[in-house]
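Colleague: Sequence:
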Amino acid sequence: MANNGKWARLKQWVSQRRKTIGVVSISFVLGVLAWVGFNAGLEATNTEAFCISCHEMSDNVYVEYRNSIHYQNASGVRATCADCHVPKEWGPKMLRKLEAYNDVLQTILGSADTPEKFNERRQAMAEREWARMKARDSQNCRSCHKADHFDFSQQGRRAAETHQQGLVEEGKTCIDCHKGIAHSLPQIDQGVGAARPDAVPAGVFHDASSRRAE
1 MANNGKWARL KQWVSQRRKT IGVVSISFVL GVLAWVGFNA GLEATNTEAF
51 CISCHEMSDN VYVEYRNSIH YQNASGVRAT CADCHVPKEW GPKMLRKLEA
101 YNDVLQTILG SADTPEKFNE RRQAMAEREW ARMKARDSQN CRSCHKADHF
151 DFSQQGRRAA ETHQQGLVEE GKTCIDCHKG IAHSLPQIDQ GVGAARPDAV
201 PAGVFHDASS RRAE
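If you use the working numbering, the sequence shown corresponds to residues 1 to 214, in order.
Any given hint might turn out to be false.
As the list claims (entries may be wrong) - The calculated lysine to aspartate or glutamate pairs, modelled on DMTMM-like cross-linking and capped at a C-alpha distance of 20 Å, are:
| # | residue 1 | residue 2 |
| --- | --- | --- |
| 1 | K134 | E99 |
| 2 | K93 | D137 |
| 3 | K97 | E161 |
Please keep in mind that the hints were generated in silico from the structure rather than gathered at the bench.
Using the sequences and the hints, build the whole thing.
Modeller: Structural data, given as structure tokens:
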């Protein structure tokens, strides 16, 4: 009878271990699947197709971007939306995704659903993005453009001098000088010189570039 009791306890122990192993294995598999699914969904939000899925982007900044050197160039290397606007590191990337809830909210509210509304908000949106890029020392720019690898002999004299002075001597970052390289700059009054009655009206250059893009 004693042996029967030991055998019963052993069977119970084996059964419990199997259950534990089964639960752990299933949890592990589900965890892996959840992680893979999460990352797949996350990467899907970094695609160009996703970024321009709303007409605010496709009809405005995407048109401008397609006329820039980041879209088409001699080397055939293209920088997409996420390359410039989404951090590569996991932590900062998650933070940026959380911040993007406001973009979704503004799309739902229709805050920039017409060219007129978009241009009214362009200044604020541009300044917010410039500040974000500057705070990260233009890290996304530096993913491709590494100052340590610059061959100044291949750059124009002015570019070589400006890069060395700005980056080395003044501690500037890429976005300090390269605003508007992929998108039109906001229309701002620079307040330089006296008003001229024969000056070209504000908006002409933006309107002309939009017509060329179409």
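Colleague: It remains to establish, for every hint, whether it holds in the given structure.
Modeller: Hint check results:
no.	hint	result
1	K134 - E99	holds, 17 Å
2	K93 - D137	holds, 15 Å
3	K97 - E161	violated, 37 Å
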